[in-house]
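> Below, each chain spelled out in residue letters.
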Amino acid sequence: MSEQNRSPDILLNVEGISLSFGGVKALNNISFDVRKGEIRAIIGPNGAGKSSMLNCINGFYHPQEGQITFKGETRKQMQPHKAAEQGIARTFQNIALFKGMSTLDNIMTGRNLKMKTNFLWQALHLGPARREEMQHREAAERVIDFLEIEQIRKTPVGRLPYGLQKRVELGRALAAEPDLLLLDEPMAGMNHEEKEDMCRYILDVNDQLGTTIVLIEHDMSVVMDISDRVVVLDYGKLLADGTPDVVRANQDVINAYLGVTHE
Amino acid sequence: MTGLMPSSGLRDTFPKLLLDNARLRADKPANREKDYGIWLTWSWSQIAEEIRALACGLKDLGVEPGDKVCVCGDNRPHLYWALTAVQSLGGVPVPVYQDSVAEEMQYIYDHAEAKYAIVENQEQVDKLLEIKHQIPNLKSIVYNDSRGMRHYDQGFLHLYADVQDRGRAYDAAYPDFFLSAVDQGQGSDTCAMLYTSGTTGRPKGVMLSFDNLLITANNGCIREGLSEDEETLAYLPMAWIGDNIFSHAQAYCAGYCVSCPESSDTVIEDLREIGPTYFFAPPRIYESLLTTVMIRIEDAAKSKQRMFHYFMGVAKRVGMDILDGNPVAFGDRLLYGIGNILVYSPLKNVLGLSRVRVGYTAGEAIGPDIFIFYRSLGLNLKQLYASTEASVFITIQPDGQVNPESAGTPAIDVDVKITDNGEVLFKSPGVFQAYFKDEQATRETKTADGWVRTGDAGYMDGQGHLRIIDRSKDVGKLRDGTLFAPKFLENKLKFFPHIKEAVTFGHDRDYVSAFINIDLESVGNWAERRNIAYSGYTDLAGQDAVYDLIQTCVEQVNGDLAADEKLSGSQIKRYLILHKELDADDGELTRTRKLRRQPIAERYAELIDALYSGKTHCPVEAQVTYEDGRTDTINADVQIRDAMTHGASVRAAE
Numbered sequence: 001m002s003e004q005n006r007s008p009d010i011l012l013n014v015e016g017i018s019l020s021f022g023g024v025k026a027l028n029n030i031s032f033d034v035r036k037g038e039i040r041a042i043i044g045p046n047g048a049g050k051s052s053m054l055n056c057i058n059g060f061y062h063p064q065e066g067q068i069t070f071k072g073e074t075r076k077q078m079q080p081h082k083a084a085e086q087g088i089a090r091t092f093q094n095i096a097l098f099k100g101m102s103t104l105d106n107i108m109t110g111r112n113l114k115m116k117t118n119f120l121w122q123a124l125h126l127g128p129a130r131r132e133e134m135q136h137r138e139a140a141e142r143v144i145d146f147l148e149i150e151q152i153r154k155t156p157v158g159r160l161p162y163g164l165q166k167r168v169e170l171g172r173a174l175a176a177e178p179d180l181l182l183l184d185e186p187m188a189g190m191n192h193e194e195k196e197d198m199c200r201y202i203l204d205v206n207d208q209l210g211t212t213i214v215l216i217e218h219d220m221s222v223v224m225d226i227s228d229r230v231v232v233l234d235y236g237k238l239l240a241d242g243t244p245d246v247v248r249a250n251q252d253v254i255n256a257y258l259g260v261t262h263e
Numbered sequence: 001m002t003g004l005m006p007s008s009g010l011r012d013t014f015p016k017l018l019l020d021n022a023r024l025r026a027d028k029p030a031n032r033e034k035d036y037g038i039w040l041t042w043s044w045s046q047i048a049e050e051i052r053a054l055a056c057g058l059k060d061l062g063v064e065p066g067d068k069v070c071v072c073g074d075n076r077p078h079l080y081w082a083l084t085a086v087q088s089l090g091g092v093p094v095p096v097y098q099d100s101v102a103e104e105m106q107y108i109y110d111h112a113e114a115k116y117a118i119v120e121n122q123e124q125v126d127k128l129l130e131i132k133h134q135i136p137n138l139k140s141i142v143y144n145d146s147r148g149m150r151h152y153d154q155g156f157l158h159l160y161a162d163v164q165d166r167g168r169a170y171d172a173a174y175p176d177f178f179l180s181a182v183d184q185g186q187g188s189d190t191c192a193m194l195y196t197s198g199t200t201g202r203p204k205g206v207m208l209s210f211d212n213l214l215i216t217a218n219n220g221c222i223r224e225g226l227s228e229d230e231e232t233l234a235y236l237p238m239a240w241i242g243d244n245i246f247s248h249a250q251a252y253c254a255g256y257c258v259s260c261p262e263s264s265d266t267v268i269e270d271l272r273e274i275g276p277t278y279f280f281a282p283p284r285i286y287e288s289l290l291t292t293v294m295i296r297i298e299d300a301a302k303s304k305q306r307m308f309h310y311f312m313g314v315a316k317r318v319g320m321d322i323l324d325g326n327p328v329a330f331g332d333r334l335l336y337g338i339g340n341i342l343v344y345s346p347l348k349n350v351l352g353l354s355r356v357r358v359g360y361t362a363g364e365a366i367g368p369d370i371f372i373f374y375r376s377l378g379l380n381l382k383q384l385y386a387s388t389e390a391s392v393f394i395t396i397q398p399d400g401q402v403n404p405e406s407a408g409t410p411a412i413d414v415d416v417k418i419t420d421n422g423e424v425l426f427k428s429p430g431v432f433q434a435y436f437k438d439e440q441a442t443r444e445t446k447t448a449d450g451w452v453r454t455g456d457a458g459y460m461d462g463q464g465h466l467r468i469i470d471r472s473k474d475v476g477k478l479r480d481g482t483l484f485a486p487k488f489l490e491n492k493l494k495f496f497p498h499i500k501e502a503v504t505f506g507h508d509r510d511y512v513s514a515f516i517n518i519d520l521e522s523v524g525n526w527a528e529r530r531n532i533a534y535s536g537y538t539d540l541a542g543q544d545a546v547y548d549l550i551q552t553c554v555e556q557v558n559g560d561l562a563a564d565e566k567l568s569g570s571q572i573k574r575y576l577i578l579h580k581e582l583d584a585d586d587g588e589l590t591r592t593r594k595l596r597r598q599p600i601a602e603r604y605a606e607l608i609d610a611l612y613s614g615k616t617h618c619p620v621e622a623q624v625t626y627e628d629g630r631t632d633t634i635n636a637d638v639q640i641r642d643a644m645t646h647g648a649s650v651r652a653a654e
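Top to bottom, those sequences are chains A and B.
Just so you know, the first sequence maps onto residues 1 to 263 in this note's numbering.
Just so you know, the second sequence maps onto residues 1 to 654 in this note's numbering.
This is chain A alone, in the form it adopts within the complex:
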């Protein structure tokens, strides 16, 4: 708490981001910030540029203009693995797990960046590598306990129902112990009960692990219920930014979602 205007802490600041693919402007001069410890939602109709925004944040896309500041450090060009090292983890709109591997192994891959011993030590499974694996296994088990997926610990994820696969993916992201968690449509394709479970886990992650979360979601009731602040994008432009109540009352947002009546 250094100065008055520094609090609340800004974890991530996005300033004037523009991204285009050829002639298509995916993002046009977008600016917003994410405070430490909050749940920030990005919403918008299809093609609004939500996933592109996440891809910029975790360094997969390189915006032509603008800058991203994470933990006070402004970056130029960034690779996804660098973003991961800095403490950004994410899940994907289409599940991207290793289907043939067990839940436990998938979650262990989330620990990959934290493993220090080299390949040879690990292959021999000796001394430090062994100690390290035990330590990482413990971290993975904590995630399994947290997400209550003990019963599928050894099941290959390809055999799991969709809702559980989503949970495993969240688990892998959590295993990296991120400061910032990016969730791309964590509830897409789920039934009501699964959605409710997922909401609870997201809130638990935020509350108990103190992880800051940026999520993209289509289900408005979910977004309005769990997020602290909402960014609305439409055709690459920033339409609104504020608390759920503010956003809900915004005429531009209503028009974008419900259409405009012609007098």
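Since the hints were made in silico from the structure, they are not lab data.
Treat the hints with care, since some could be wrong.
Said to hold, decoys possible - With a cut-off of at most 25 Å between alpha-carbon atoms, the simulated BS3-like pairs for lysine-lysine come out as follows:
#	chain 1	residue 1	chain 2	residue 2
1	B	316	B	304
2	B	437	B	417
3	A	195	B	580
4	B	34	A	154
5	B	615	A	154
6	A	76	A	99
7	B	427	B	417
8	A	99	A	154
Please arrange chain B on chain A, whose structure you already have, making use of the hints.
Structure of chain B alone, referenced to chain A:
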């Protein structure tokens, strides 16, 4: 064996047994629990320390002798310790079904006048907070798992570990307190109050004394020769009397180890890892294990399927005789030996039943096919007849004389008699003290000279084995006077793996008809192999192909019934497949999954009318309650079919 007798004065209460075990078997494992993927073990001396700390902590919280303390949650060592801790203060633990909804809990807390609650986690705390204003007696809630509880700042909530810390401090200040409190306990004190699941009306609180539980438990240990080396898995609800005996009382008597699964979803894996030697399961568990096996066999390679079916044939022919020690031809013995290496032993290993010496089943009738399947594998599975009012054991099938249809011979110190109208009565050291605050019900159930009415109709067969027919009040008559035993028919239907639940109607009617619940797993797999698409239970249940499948089952039952002269009149003439699964959350089943006939009959009155009119289908709307308490309606058009009946109807037509 006399060293185990509780009446010696030293071992007549759970806390005294605990201290004794902590001395005799200090380093023997008493409890195991899997946490973070690793089995943690507590020895008898360790659990004695834990329980002492908790008991002193509860004392510090204000628990007084005679106070009722509700205990609620999944099977956890910490909750079993809570039972003994409360008992050592002279309090009465009241285990509550952990999946009860808030209103059910409210009734029990209110009726039991519970002042304290010891619960597992946030889920249970939330339920209590919801009803807290309706149960003013409740003073404090102790919870074990702090997860999600960070923002709960109510003063009456206490973390289990914190209570233990307070207890250690209290113990240091008053070092004589715990032992003197334990010394004051007597065998005749009430040691637990269990609520019956309530197939009829409100649950009743059954008060049991230390003598009830410990003498019965000890007799059970003697009969089966249980030792301190047994391993068991505690996975059935703690509020159920069986779990109290198998996972608590008998463990304290014999000194064996009780393991708790990681979660209720991991029981099958945990079973394999623990390899219990003493195992109890209601028939539905054995059924679902068998269903899983059969589904996987159908997916296996053809050669493996042939091998499995061939050796299962051998087992069916001679396996039971080998287990019972009857003479069997040398060639068959050899084949059985090969089968054991190739099929039976690997199969038992997969199921986690390799080491089972004594396996019990009770609660409902088990299908003869299922029963024979397990016994022919060499698993010593036995049926017993039990009741909360008896502290479990009434009759047990003796080794070597196991007949699928009987419930066995009376347990040690138990007398059984049959009244003139066919009701089974018993008398034993386990007979409960009374129903809490319900003298009338106590008088109706317990006669002045100590006999207890079970409400079951049954008879003793030629070998002195008890056979149970049905609940005596459920046995009815068709209009033409034919005997109608609904549960008997329903069990026959349920023995088919495709049928999960059945409800039959017929009392004061012209013929018998039935509601069927299909088994989603089994029928779902069957449908997948035939490329039948379905979206969920309701959709699958309404398909013609599924009706055809169930039709064969119903007609097979009718065929069996036709062979029995007394029962051939109660063949099932019409049936339907219900559009939703019967569920305890909707009040259609009890928490132990027994049918609640009255609510079912009221709720589906329209469908029952349709069964007794000529209709071929009936539109319905049903309310379903989700786990979180929300309700929704399902709309469906239920098809009604006629089943072919044999014999009796032919004669009637002539």
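> Does each hint fit the structure? Answer for all of them.
How the hints compare with the structure:
| no. | hint | in the structure |
| --- | --- | --- |
| 1 | B/316 x B/304 | holds (18 Å) |
| 2 | B/437 x B/417 | violated (28 Å) |
| 3 | A/195 x B/580 | holds (22 Å) |
| 4 | B/34 x A/154 | holds (15 Å) |
| 5 | B/615 x A/154 | violated (50 Å) |
| 6 | A/76 x A/99 | violated (34 Å) |
| 7 | B/427 x B/417 | holds (9 Å) |
| 8 | A/99 x A/154 | holds (12 Å) |
This entry does not satisfy hints 2, 5, 6, going by the numbered hints stated previously.
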